[in-house]
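Heads up: the protein sequence lines correspond to chains A and B, in order.
According to the numbering used here, the stretch in the first sequence is residues 30 to 689, in order.
According to the numbering used here, the stretch in the second sequence is residues 30 to 689, in order.
Some hints could be false.
Just so you know, same-sequence chains aren't split out, so a pair can sit in one copy or run between any two.
Claimed, not checked - Calculated lysine-lysine pairs in the BS3-like style (CA-CA distance at most 30 Å, straight line): (1) Lys51 <-> Lys667; (2) Lys380 <-> Lys51; (3) Lys292 <-> Lys417; (4) Lys76 <-> Lys426; (5) Lys426 <-> Lys292; (6) Lys667 <-> Lys380; (7) Lys426 <-> Lys385.
No wet-lab data here; the hints were simulated from the structure.
Protein chains: 2
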Amino acid sequence: MSAESTRAANICRGLAIDAVQKANSGHPGMPMGMADVATVLWSRFVKYDPADPRWADRDRVVLSGGHGSSLLYSMMFLMGQGEAGHPHLSPMTLEDLRQFRQWGSRTPGHPELGEAPGVECTTGPLGQGIAMAVGMAIAEAHLRATFGADLVDHRTYVMCGDGDLMEGISTEAASLAGHLGLSRLTLMYDDNGITIDGSTDLAFTEDTTRKFEALGWHVIEIDGHNHAAIGAALATAQEELERPTLIRCRTTIGFGSPNKAGKSAAHGAPLGPDEVRLTKLSLGLDPEAAFQTDDAAFNLYRRNDADRTSFRHAWNARLAASPQRAALEAALAGVINTSGIAWPAYASGSKLATRKASQAAIQAIAAAVPAFMGGSADLAESNLTHIKGAPEFQRGKYEGRNIAFGIREHAMAAISNGLSLHGGVRPYCATFLIFHDYHRPSFRLSALMGQPVVYVYTHDSVWVGEDGPTHQPTETLASIRLVPNSWLIRPADAAEANVAWAMALERTDGPVALAFTRQDLVTIDRSVHPSAESIRDGGYVVLEDSAAKVTFVATGSEVGLALEAAKVLAAEGLGARVVNLACTAIFDAKPAAYRRAVLGSLPRVSVEAGATVGWERYVGDGGRSIGIDRFGASAPGKVVSENLGLNVANLVAVAKLAIG
Amino acid sequence: MSAESTRAANICRGLAIDAVQKANSGHPGMPMGMADVATVLWSRFVKYDPADPRWADRDRVVLSGGHGSSLLYSMMFLMGQGEAGHPHLSPMTLEDLRQFRQWGSRTPGHPELGEAPGVECTTGPLGQGIAMAVGMAIAEAHLRATFGADLVDHRTYVMCGDGDLMEGISTEAASLAGHLGLSRLTLMYDDNGITIDGSTDLAFTEDTTRKFEALGWHVIEIDGHNHAAIGAALATAQEELERPTLIRCRTTIGFGSPNKAGKSAAHGAPLGPDEVRLTKLSLGLDPEAAFQTDDAAFNLYRRNDADRTSFRHAWNARLAASPQRAALEAALAGVINTSGIAWPAYASGSKLATRKASQAAIQAIAAAVPAFMGGSADLAESNLTHIKGAPEFQRGKYEGRNIAFGIREHAMAAISNGLSLHGGVRPYCATFLIFHDYHRPSFRLSALMGQPVVYVYTHDSVWVGEDGPTHQPTETLASIRLVPNSWLIRPADAAEANVAWAMALERTDGPVALAFTRQDLVTIDRSVHPSAESIRDGGYVVLEDSAAKVTFVATGSEVGLALEAAKVLAAEGLGARVVNLACTAIFDAKPAAYRRAVLGSLPRVSVEAGATVGWERYVGDGGRSIGIDRFGASAPGKVVSENLGLNVANLVAVAKLAIG
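Just chain A, with the same shape it has in the complex (with noise of 0.2 Å):
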């Protein structure tokens, strides 16, 4: 049995290194290292079916060293795993293996959601992967206490290396999970004693076990490459009730490479032709067989499979058969129907911060939606997240809907990832605007993974005041922009927030970021503008006027600065068009006419209290652009607005300079 094991684990060892030595590029390093953990795992613990990757209760492994992308690629091969028909998560062949890190592969660099199965998320980035797999832990905490364990009842696994565990992400993260005791979380630790530079010995001395008891751990150590040691810690970890658990697993990096095993050049670049032939035959494959395999592997992962299937439905008897199915099945949906929820209403002319219409609505939202959950890097008070009446998030209170992710933006966002990515709660995360830049590696993630994490942003311009330059967004909103697949909607009044939400929650491949004012904004009247709906379209014009000379492109709070503008310059006989600009990622895949008839022939100016770069693509060579192309300034909010140029007397002089 061991001894089939540990053949097993070579014959993934001799996949993993053929396919980054066929591509001449890639981690031989990790994959060798980990193989024995990786195949004890696998062929013995985790609970999926072969047959179907995406089923609901499988238990989620995130390879969080994304470099080892050969190890994960190469153990869903020798498992079958795969969706029959499916275009991307069809079983991976021997064929993906050869391909990869090819262009158009389902074997890139680095896993990448979606392209294969067993693939749970994105990772390369380090750290993420450790932050999203406590995020699916949450998820299931949450589920199993809200459906029950006869319907959730899964665990998470993450490998993960000296790097995860030496970006502060893995810290905020790991800290979060030990005081939520989230038992089934388990992490395996490659600890090979060396980084891409030499040995962690350079610049990583810490004591690793010490420091997760600290965190509140359950910690194990054990040599990685004894599969016996491997299985027992694993079980051990499965009877953890209180803690997450940390097996910290000493391994040789290169494992079975008789002249790189243990040093940093196995790491990160192939074997090569000689050094791969000498491998081979130290782990007693066949030094000229390329791509390896044999019936004894095949038969040790995919022993179970017909217990895995049967188990599965099982499952799937009992959610037929409970009174929560339609609930269940409407949660890891994921679609939210918005029409069904209670927005509140705004009389026109009253005026509120849009901090405070998004608090309104997330009242409005969690009453209808029972898997809307989330929280704020504790600014709750500030960012007006809480869900009132429903209960925090805490150890054995897996059940709230309030989660608490601490000082941690950057844990927070990855850890949203996560609870998006485990399906079954659709999670939102908040900060102020600034603090976008602590987490803007894992937006990027959302977004390159298609997740539709909503990200509330508060206290979004210089408006935040006092508080000064550090916590003033200027260039931010911009910088939001710049993500592929991302949306930022910044609603002009409390009207259009409730429609920003109904936006954010209606999407489903990708993460939307709303930007939500510290400070009041009058709500528009709309008996008399076009409806708050009409931000769906991402832009759209507020103010229509025949005898117009020149438009104000604004967003957000500089809507109401543009339109106030209008009427004085309407009262000098010089009548302004508004166009508002809420979501330039909707508006800019609008078609052409309906853009060009929304910008108008006239001059623009746009309005935004932030960077004007970018903006030229809305005003033209003709245009110009207010805004604030430096750090903010610490006084009250409307003083440095104010200073900055953020006046109906600027707006006023500018529009006239643009009509020329």
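We have chain A; now place chain B onto it with these hints.
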């Protein structure tokens, strides 16, 4: 003595809460909680001369929890610290405290470098101060090892709160500090159990003592209101020779407030006039007196002023007599004469990746500039940033100039800020361009503080290749350009890489990001084309053609591509000009006439392997942009680049469309 010290602390509390109350904005809780620690620290331990807040051998005190700024300002006022006649660093006055958080004041909401004496760095974004302090301690250790303890002999103190410790960056920095054994670094943790959203029990229950011990720190736990205990702990920290010290100060947030002490209500809002009166009563202050001071407090803080000045004078005398004087003064001046650097030369037509040219430049700089030091986040072998022949900066080897930051991009950047702020060293740090996102908050602070940190970003496009979209920057170049006061330079060949480095070293008032390629670029023939020095203008015409019909505007690796396309067009009788826009920030600041002359009046096509947003500024309404408005893909770099439209045929085709 203790009564006197307590009285002084209470005077400080009164000033801090009055400042917040008058501004009707700010954070009284931390100043009230940490006034005792700050009083003992400043009155008894910190080495400084009130008359010269910029004395090079002073102790550094960093307020990482920058929201407690009123504590720092009050302390500066009581100490009388300031530099007479200096526009910004003149002594703090009561009027300054009264102007707390107002437009144009020296007392902004969060401490801002250069606005007031005693502010060693801009803080507010949590965790940054801790990491910057680690950088200052590294600089001190390095300079002490280099110039001797007679000339360099000071300490670094940090005050921080729960929020700082929850942020991942602080663990990254603390782990490195422990690894390096920075024993002159002391972190005073305001352990008050309260965050904005309530008790730390909500999200932060890790064992901080055990965690820091695991990171290699000496930990002392004390009552943070007991002046004798504070003094004893600080004395013990000074005796520690192997480890940095964490003094865990158990405090009561809002200490002294009868109704708000110990509650999150004390954290971030004024106490209110009634509670201010009650608090003053409980602290033994006059409840009706605003901004109360007394001689006893002044006497406590200033009693050693004569000693302090004589201490500095003695240092001056030692410096004057030292054979190292010129070297140390040159290092401290921070101005680098790049004409003394023996830059490598390149033959036209040769091929070299600009990261390799950067590697050669770094060797040349290191040979000529002793203050030059830095390193990479475990990518030294890829970023090629190692100073050959120079020792590693490691525990007990502080003369080393190569810093192994570990896989900690965020702390790396903040530590580099600390190195720069400290002075005496000129820091650089390095990672892949895509991982700019991991340290963007610190990069922003470099710019806000005007610190000339050099960011070496290699692998600057989809030419990263097989590692795929997680490692390929597309929007990153554009996002860096958004940060005010930052320069991004993307040289087009090896010779320009030299110049880019020179420009970075010559800059003194802000960060410079250098974008270098992974792949080879052809060295441009400067006998035909203008000198590589031309990039000093930000943009220049690298290829002029009086018969041209179109102008390419390109950066970095795309300049060579544009030159190739221009050849093809010329062969077809359609000449092309090529503009190299290596640094838009510099170019944008040039006179309009220069910009017009460079860009010319022909139709323009921008070419950059990144987001096209923002290029409208340079190509105008009739222009076109070739770029990558999506994520990348895993395949060999040339394949990805070509498939995404960065090939000669596409440039030629788009140019023809632009010509019309």
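Discussion item. Reference check for the pair Lys51 and Lys667, CA-CA at most 30 Å: within, between, both, or neither?
Written reply: between (62 Å within a copy, 18 Å between copies)
Worksheet item: When no copy is named, should Lys426 and Lys292 be tagged within, between, both, or neither for a Cα gap of at most 30 Å?
Response: between (46 Å within a copy, 24 Å between copies)
Discussion item. I want to check one pair: Lys380 and Lys51. Are their C-alpha atoms no more than 30 Å apart within a copy, between two copies, both, or neither?
Written reply: Classified as between; 26 Å across copies, 64 Å inside a copy.
Fill in: Identical-chain pair category, Lys76 with Lys426, by Cα at 30 Å
So Lys76 and Lys426 pass the 30 Å test inside one copy only (25 Å; across, 50 Å).
Practice prompt. Measure nothing new, just compare the shortest in-copy and cross-copy C-alpha distances for Lys667 and Lys380 to 30 Å and report within, between, both or neither.
Written response: Within one copy only: 15 Å inside, 55 Å across.
Item to complete: Check Lys292 against Lys417 for me: Cα-Cα at most 30 Å, and say if that holds within a copy, between copies, both or neither.
Response: between (55 Å within a copy, 21 Å between copies)
Worksheet entry | Within, between, both or neither: Lys426, Lys385 at alpha-carbon 30 Å | Cα proximity of Lys426 and Lys385: one copy only (28 Å, versus 55 Å across).
Checked against the numbered hints given earlier, the structure satisfies every one of them.
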